[in-house]
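Novice: This is what each chain is made of:
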Amino acid sequence: MSVFAPTASVPGRWARAWSGRRRWPLVSILGAGIATALVALPLLFLVVEAQRSGWGEVRHLLLRHSVAVLLWNTVRLALACVALCAVLGVAGAWCVERTTLPARRVWAVALVLPLGVPDFVVGFGWVSIDHALHGYLAAVMIMTLSLYPLVYLPVAAALARGDGGLEDAARSLGLGPWQTFWRVSLRQIWPALLGGCLLVVLALLAEYGAFEIVQYRTFTVEIFTEFKLGFDTVEACALSLVLVALSVAALASEHALRGRVRGGRVGAGASRPARRIALGRWTAPALAGVALLVALALGVPVGALVYWMARGSSSTLPPASIVAALAHTAEFSAAAAAIATALAVPVSALALRHRNRVTLLVERLAHLPLALPGLVVALGLVAFSVRYAFALYQSAPELIAAYAIMFLPLALVGVRAAMAHAPVHLEEVAGSLGRRPAAVWMRVTLPLIARGLAAAFALVFASAATELTATLLLHPTGVNTLATQFWAYASELSYGAAAPYALLMVAISAAPAYLLTRRLAGVAPAERAL
Amino acid sequence: MSPLAIREVWKGYGGEPVLRGVELDVQPGSLTAVLGHSGCGKTTLLRVIAGFERPDRGAIALADRTLDDGRSYVPPERRSIGYVPQEGALFPHLSVRENVGFGLSRRERRGQTVSRLLEMVGIAPLAERLPHELSGGEQQRVALARALARAPQALLLDEPFSSLDASLRGHVREEVHALLRAQGVTTVLVTHDQEEALSLADLVAVLRDGRIVQRASPAELYEQPVDERLARFLGAVNVIDARFEHGTARTALGALPLRRRTAEEQGAHAQAGAHTGTVMVRPEQLDVRRREDGDAAAGAADGLRGRVEQCRYYGHDALLHIRAEDDQGAQLLLARVSGEHALAAGTPVSVAAHGPVAALA
Chain A
1 MSVFAPTASV
11 PGRWARAWSG
21 RRRWPLVSIL
31 GAGIATALVA
41 LPLLFLVVEA
51 QRSGWGEVRH
61 LLLRHSVAVL
71 LWNTVRLALA
81 CVALCAVLGV
91 AGAWCVERTT
101 LPARRVWAVA
111 LVLPLGVPDF
121 VVGFGWVSID
131 HALHGYLAAV
141 MIMTLSLYPL
151 VYLPVAAALA
161 RGDGGLEDAA
171 RSLGLGPWQT
181 FWRVSLRQIW
191 PALLGGCLLV
201 VLALLAEYGA
211 FEIVQYRTFT
221 VEIFTEFKLG
231 FDTVEACALS
241 LVLVALSVAA
251 LASEHALRGR
261 VRGGRVGAGA
271 SRPARRIALG
281 RWTAPALAGV
291 ALLVALALGV
301 PVGALVYWMA
311 RGSSSTLPPA
321 SIVAALAHTA
331 EFSAAAAAIA
341 TALAVPVSAL
351 ALRHRNRVTL
361 LVERLAHLPL
371 ALPGLVVALG
381 LVAFSVRYAF
391 ALYQSAPELI
401 AAYAIMFLPL
411 ALVGVRAAMA
421 HAPVHLEEVA
431 GSLGRRPAAV
441 WMRVTLPLIA
451 RGLAAAFALV
461 FASAATELTA
471 TLLLHPTGVN
481 TLATQFWAYA
491 SELSYGAAAP
501 YALLMVAISA
511 APAYLLTRRL
521 AGVAPAERAL
Chain B
1 MSPLAIREVW
11 KGYGGEPVLR
21 GVELDVQPGS
31 LTAVLGHSGC
41 GKTTLLRVIA
51 GFERPDRGAI
61 ALADRTLDDG
71 RSYVPPERRS
81 IGYVPQEGAL
91 FPHLSVRENV
101 GFGLSRRERR
111 GQTVSRLLEM
121 VGIAPLAERL
131 PHELSGGEQQ
141 RVALARALAR
151 APQALLLDEP
161 FSSLDASLRG
171 HVREEVHALL
181 RAQGVTTVLV
191 THDQEEALSL
201 ADLVAVLRDG
211 RIVQRASPAE
221 LYEQPVDERL
231 ARFLGAVNVI
241 DARFEHGTAR
251 TALGALPLRR
261 RTAEEQGAHA
271 QAGAHTGTVM
281 VRPEQLDVRR
291 REDGDAAAGA
301 ADGLRGRVEQ
311 CRYYGHDALL
321 HIRAEDDQGA
331 QLLLARVSGE
341 HALAAGTPVS
351 VAAHGPVAAL
361 A
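If you're matching them up, the sequences are chains A and B in order. Under my numbering, residues 1 to 530 are what the first sequence spells out, in order. Under my numbering, residues 1 to 361 are what the second sequence spells out, in order.
Quick caveat, the hints were computed from the structure, so don't treat them as lab data. Since this is a predicted model, take the numbers as computed values, not measurements. Ideal Cβ positions, reconstructed from N, Cα and C, are used throughout, including at glycine. Any given hint could turn out to be false.
Partial list, derived from the structure: chain A residues whose beta carbon lies under 7 Å from chain B [to be verified]:
1. Arg435
2. Arg436
3. Ala438
If you want the ones that stay clear, here's a sample from chain B, every Cβ over 12 Å from chain A, calculated [stated by the list, open to error]:
4. Gly14
5. Arg47
6. Ala50
7. Pro75
8. Tyr83
9. Arg150
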């Protein structure tokens with residue numbers, strides 16, 4: 001109980017934290033408790049499993065030569081992808097938000113849409129038209145094309161709401177356009193840029209499918225393969241700890257780099273939108289660049305899928321029903337989205353309405369899955385179910401729980417934004433008008449946050465429907481989802497059979513990706529990082 | 001019916017207490033204003049009365065019913081206390097009619113109650129609008145109608161006019177005042193605007209650092225504030241040295257009668273004979289006369305000689321800064337004169353005072 005530092009006062013801090021409000025929000029506390037337990041479960045059992053063989057064995061395992069190779073592979077990939085994503089994301093956002101680029105509104109959507117194509121589908125699309133693609137450079141290219149929207153979205157949002165007055169002031173103080181960009185504009189978008197880069201790194205650490213396709217060995221690929229081939233949970237869990245450590249390191253360095261910089265404004269006065277820079281003779285090159293990016297990131301993968309689907313192809317696998325796969329995907333994803341959204345509500349409500357150290361800690365904990373790649377969550381659940389509840393192993397509830405844990409942070413982003421539409425004083429007024437808390441919730445709070453909850457649900461649904469790694473480990477035997485069936489066909493190079501499954505997944509996640517460009521720009525690009 | 005009674009209420013949020021033993025009685029049907037600077041605990045007091053917060057200590061009762069005494073606790077929805085927060089806090093997803101009918105039962109909503117309320121606050125034509133389609137004043141009236149719909153035993157208003165434009169404020173204030181009078185509902189209004197408190201309330205309670213420092217009628221408060229700080233908060237003031245003798249204060253402005261309460265207080269001290277202190281003279285208690293040059297030699301038996309140093313002109317009146325020419329403990333005086341009697345800087349004047357004055361502790 002060290003969080004509740006004892007104080008001299010009576011009643012103590014713990015009692016006072018709750019006595020301030022009129023009622024214990026029991027339902028919320030229960031919900032938040034479940035969320036916390038659920039989120040802590042995978043990591044807990046990962047550690048328990050890893051130390052089963054003794055820490056000496058674990059250390060021996062981690063000091064193997066191949067671990068250093070994997071580490072190097074992962075780090076050099078991350079460095080290249082982050083740099084490229086940052087350049088492409090900032091350049092694209094700058095062109096759309098700050099210049100006179102023609103058809104800006106079209107590009108604003110087109111540049112984000114690659115977010116709706118799962119990374120392993122991008123990889124599949126490219127490799128299916130050029131079998132020579134493999135190794136480091138292929139991995140860098142495919143992941144950059146898949147992930148640059150994670151930088152583009154927050155940076156574009158920061159540029160859009162940035163204060164043009166600052167740039168005008170810089171120009172009037174004698175700085176040229178380039179100097180203004182480096183010394184003023186870049187400082188304004190710095191937190192957004194860092195946040196985007198963090199998401200890129202986390203997504204790279206979690207990715208399995210795309211790297212498997214281009215035969216590039218990262219930690220995640222290695223762990224997955226070892227577990228699938230050897231079914232050695234102890235070893236897989238031990239290696240996973242390195243993956244978690246890398247994610248935590250990424251989170252920590254983002255935190256450190258962000259420092260005390262604030263993107264916001266100092267002082268009063270209305271902010272003015274920035275002037276757009278006339279591109280002039282640079283119009284054609286800029287247009288060509290943006291068009292090329294969209295063509296490579298969106299056109300090639302989707303075009304390849306359409307091509308293979310039109311050509312048709314036979315498969316040696318037993319015929320599968322795409323309708324059944326779609327139904328299973330929808331069932332698992334909807335259940336997970338409902339649970340994640342429902343759990344995010346009490347966590348957000350407590351953190352916003354009953355702000356104290358305990359509720360803030362719970363909220364932070366609920367974001368823990370950000371640092372847990374899907375593979376790690378899945379392994380943690382496997383470790384738990386294999387040892388303590390075998391009936392759950394590879395069952396639908398286990399898969400749904402994995403999705404709900406992985407995408408809880410995503411649901412939290414949406415629900416927190418939604419809660420802002422239901423300020424607490426409205427509930428208080430409703431209470432003073434004679435309504436009991438349950439009635440207040442139904443008649444005031446729920447109608448006000450319903451749209452935000454629907455958006456959170458849609459984001460989690462789309463993310464779960466296109467999830468591959470955890471699904472491959474946890475899906476019930478004989479029950480295929482869109483992702484697993486696609487993977488089965490793609491692995492045996494039946495491109496024509498695989499294409500419809502991929503197109504369906506793209507269709508499912510395109511809508512939320514489009515939604516992102518319109519409403520949640522800036523906050524919700526966490527989607528793909530999870 | 002017994003009043004709304006607040007007894008020794010303490011409330012803090014972990015750090016320094018915000019309320020430190022607040023005592024307040026509000027008579028049935030009266031309007032009490034709680035006046036204080038921002039951060040003095042006004043809103044906390046209202047929230048404790050409404051039941052949104054629980055006091056750390058103390059008790060609250062309404063009409064002989066204990067609402068909260070540390071053991072028993074009546075939740076807000078069963079207190080029969082209406083609450084109008086700042087900015088109105090209308091439900092954004094409900095129309096004006098639905099907002100006003102929110103606290104009513106299904107049957108009551110179908111009846112004439114809502115229409116009658118809308119009529120009463122003068123917004124019947126806007127019944128089907130949504131809150132964001134209303135002006136600030138209209139929103140405030142809807143919020144009031146909504147709070148009055150259930151005929152509460154008491155009504156709490158949290159800075160109800162502060163979000164309105166200055167031009168609209170006076171008007172809405174008058175309307176709300178007339179409405180509350182007509183309804184005869186027991187009302188507590190908190191405000192930081194002393195003009196609002198003085199002009200609307202039957203009784204003003206001044207809240208400072210979590211305590212009620214004075215509770216009095218508007219006139220008594222203005223004329224006999226408990227200390228200089230409060231005197232200055234309520235309006236401009238001249239603090240002048242005085243010698244107290246038998247119910248009068250001898251000052252540079254002449255002998256001035258003391259107000260009764262002050263006189264009684266001084267009576268106790270006066271047993272030992274005359275003693276000295278300060279009195280408070282409001283600017284409008286000063287009579288300013290232009291002094292002709294000839295008067296200078298004639299002496300000024302009838303007033304203090306001075307010269308206008310600055311004239312702040314407000315139209316309906318003017319505030320003169322007058323520098324006294326003789327040195328009798330009143331260097332700079334503030335005098336309020338009607339606008340047509342504004343005097344230019346440099347004008348020689350003689351100043352006298354009228355009316356009873358209050359001694360300052």
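Novice: Taking the hints in turn, state whether each one holds.
Specialist: Hints versus structure:
1. For arginine 435 (chain A), the suggested interface contact is upheld, since its CB lies about 6 Å from the closest CB of chain B, less than 7 Å.
2. Interface restraint check: arginine 436 (chain A) against chain B, minimum CB-CB distance 6 Å, threshold 7 Å, status holds.
3. A hinted interface residue such as alanine 438 (chain A) counts as satisfied when its beta carbon comes closer than 7 Å to some beta carbon of chain B; here the least separation is about 11 Å, so the hint is violated.
4. Taking the minimum C-beta to C-beta distance to chain A, about 6 Å, the non-interface status of glycine 14 (chain B) is violated against the 12 Å cut.
5. Interface exclusion of arginine 47 (chain B) from chain A breaks down, the closest Cβ pair being 8 Å apart, not more than 12 Å.
6. Against chain A, the non-interface label of alanine 50 (chain B) is violated: not every CB pair exceeds 12 Å, the least being about 6 Å.
7. Under the 12 Å C-beta cut-off, the non-interface status given to proline 75 (chain B) relative to chain A is violated; the minimum distance is some 6 Å.
8. With a least beta-carbon separation of about 4 Å from chain A, tyrosine 83 (chain B) fails to lie farther than 12 Å from that chain, contradicting its non-interface assignment.
9. Listed as outside the interface, arginine 150 (chain B) is inconsistent with that label: its C-beta sits roughly 6 Å from the nearest C-beta of chain A, within the 12 Å cut-off.
The structure fails to meet hints 3, 4, 5, 6, 7, 8, 9 from the earlier list, while all remaining hints are met.
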